[in-house]
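If you read the sequences in order, they're chains A and B. For the first sequence, my numbering begins at 1 and goes up steadily by one. For the second sequence, my numbering begins at 1 and goes up steadily by one.
None of these hints come from the bench; they were simulated from the model. Heads up, a few of these hints could be off.
Derived CB-CB ranges, DEER-like [what the hints assert, rightly or not]: (1) B:R247 x A:V261: 48 to 58 Å; (2) A:T390 x B:V331: 45 to 55 Å; (3) A:K344 x B:E359: 15 to 25 Å; (4) A:D255 x B:L355: 18 to 28 Å; (5) B:A59 x A:M353: 38 to 48 Å; (6) A:E367 x B:V331: 32 to 42 Å; (7) A:M353 x B:D450: 55 to 65 Å; (8) A:P257 x B:K23: 49 to 59 Å; (9) A:G364 x B:D259: 38 to 48 Å; (10) B:V331 x A:E250: 56 to 66 Å; (11) B:G364 x A:D255: 51 to 61 Å; (12) A:K327 x B:F273: 35 to 45 Å.
Beta carbons: idealized from backbone N, C-alpha and C, even for Gly.
Number of protein chains: 2
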Amino acid sequence: MEPEQIRFLSELTAADAAARIEKGEITSVMLVEACLARIAERDETVMAWEHLDPDYALAQARAADARRAADPATGPLHGVPVGIKDIIDTSDYPTENGTPAHAGRQPGDDAVLVSALRDAGAIILGKTVTTELAVLHPNKTRHPGNPEHTPGGSSSGSAAAVADHMVPVAVGTQTGGSVIRPASFCGVYGLKPTHGLISRTGVLMQAPPLDTIGVFGRSLEDVGLIADCLTAYDPRDTWMRPRSRTRLREVALQDPPVDPVFAFVKSPPWDEFAEDVTKDAFSELAEALGEHCDEVDLPSAFDAGLTMQKIIHTADVAKFYGPILAKAPDVISKSLAERIVAGKDVSAVDYNMALDVREALYAGLEEVFERYDAILTPASPGPAPKGLETTGNPIFNALWTYLGVPCVTVPLLEADGMPFGVQLVGPRFDDARLLRNANWLTRHLAADEDGNDGKAGTD
Amino acid sequence: MEPEQIRFLSELTAADAAARIEKGEITSVMLVEACLARIAERDETVMAWEHLDPDYALAQARAADARRAADPATGPLHGVPVGIKDIIDTSDYPTENGTPAHAGRQPGDDAVLVSALRDAGAIILGKTVTTELAVLHPNKTRHPGNPEHTPGGSSSGSAAAVADHMVPVAVGTQTGGSVIRPASFCGVYGLKPTHGLISRTGVLMQAPPLDTIGVFGRSLEDVGLIADCLTAYDPRDTWMRPRSRTRLREVALQDPPVDPVFAFVKSPPWDEFAEDVTKDAFSELAEALGEHCDEVDLPSAFDAGLTMQKIIHTADVAKFYGPILAKAPDVISKSLAERIVAGKDVSAVDYNMALDVREALYAGLEEVFERYDAILTPASPGPAPKGLETTGNPIFNALWTYLGVPCVTVPLLEADGMPFGVQLVGPRFDDARLLRNANWLTRHLAADEDGNDGKAGTD
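Bound-form chain A, shown alone (with noise of 0.2 Å):
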């Protein structure tokens, strides 16, 4: 394959490249051959990969082709390759949690998400590097548009990944901002869907108030695309309700019947965390915004929920690791080890506290989205930081995550040459309409500099 031949079906949306499959212009073997070429070009410098088998992906990608040759009624995602973090459960592929404690590990049966993907046609492609066990300790994941930098985590394989052409759309989790951070650090929209919306059956239990599964992608409507296929109800994940199928796609690529107004929440990091840049974009974001825009302080109640989410996290992490680290001690991370030690201590009356707690705060935030429809918010402190020891903080996200409600990365902001983004917060289960409104930010800042109006369709 010519090099601009590559560049050119690794660098098509997932949308994109799905209608160019169903209508024939491309096949599946010719868009998976382009990612694994840029993969084999790019991967010794990133490393986003845990597991990957050329020949494997090459093969279901021949099958699917044959597939569209036989029967052309083809799913949202036929043909179309998919990253997976490495803490999501595959039949073909290893699970090994970004752990040497399960190095070797596979898995019988694919995760539900992952056979959801499979039923959609997706080319499970391979395995995303993952931090140990999905929390803080980083792995060998390199930042794409710069090495000496952190990707984030602790889906830092499915982040990079999908920034740097390896793959359109990649599949991750997050329980404290595992999404929203990397997708962020790397310049690509992430989605942290309402927690309970899709199935974590088959996935590493890190915390089950709080895992939530999320996805990423090079544009808006791919995040509503590859989450569609993910969120009908699993009653073995016990946190999901029976509900109508989403049609975040759908909605995300529609104009809002009224212009929207943000609620700028600084949030209770703001003052101490939020880099210089971070606080002079926004600022120049909320001037650009206008009256779409309002400065809006959240009550004081809220500035107990990171300590609420971090006793939740910590108490599981104990829980759920806790015979992990009895079981392999050397091998765990020194940082790990320790909170693993400190959630032992944790009493159940706090835990559940704690949970109750987040339905009194989760009240008070209706009342925000009474009157705007959706927050604006930092989704990091900053770009990425320099230096592969930490994956950087997630204090812009935990209380989001603590309050199961969908956030939304947008690729907007630039320091440095390094990109980070502007995050939006919705009410529960209200996840397209959120799209809908990330994509008007875009639309409508992009017209802001262009001087047009900024409706769908007019550019």
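Go by the hints and put chain B onto chain A.
Here is chain B on its own, set in the frame of chain A:
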């Protein structure tokens, strides 16, 4: 009203009374007057009622009769009085939760289950006595058959009122053994349905993973009838799931397609806690059942079940009642105060492990239910013990409450003139067949004594 008419009416089952009201043979006013007359005669001794306003009860009955005169379409409990445990919110009667700390507490809303009863046409006759905050510390109610004995608890008044013909049916709750034990002691039918089958919105929370609404009646049909009225999905109770409406009453009256076989499970506390009369009675029962009963030993993993139930119970008592103790330390019993203090030390890891273990144990129980139709086991250590200082021991109930399985007690046994029950336990959400099997058991044993074949409709 003549004494014989009072006696006739107050001894009617709910199903019979509702049918007669529907046909116009009796009125709701007549029925309620008879119940009130019985209460006036007996409650000085039994003390089953905490809040009861005869004029208000009669006003409800007159309104029910007027509705029926205007529209012959009646609900399944039209005009039938029901007793409600005083931890279940009622908008028209106080709800004091059995503690002076809540004296004078008047809810603004009905509990969801109370609304459901009103929709079914029921008369909320009054509130029945509960132990202190529905835990173990006794309140004023006495055993209707012998006032020197406890009626059991915590649903003391509901069990005693039904047993003493003060009301045909009543509602209670079980967190350890608070429905099955008092029903056993008082010689009535008690149903603790599957956890999650009946909404607990508006009911005092003690331990949400365990708290279960239960019902009392003087026939199996009646416990099915009233439970059927309560099983509509309530999304505010997050332990509920949408499911099709139950037909407990209908199925309870059917013949099983094949004669059931019971697993006689002595359960862990048998050796130490089952009284000699219980051991004798169950050995006779097993003999009478012959090929319809095998003794089955639960795997030793079940020995931990009572400890697990206690972990959840104690931690949640600390969470929900700790604030009450802090506010009103002088009016909380010593035993409850000690439990609250102890519960603060339960770790979140242990609590959440106890929730996981129950799913693992339940998987083991399902293997028993693959071979047997129901488990047959004592409902209480024996008949109601003498003395009013305790409400008896829930040790034959707590394992089943923890496992969330439906339990029914059938008043088949007696020792020294005091009744006690046989408990049947079924798979989760198989409540209807559990009642059908209980009905088969009753008929089979009666037929055994009478020498006929025990099929429904033959007597």
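Which numbered hints turn out to be false for this structure? Of the numbered hints, 4 and 9 do not hold.
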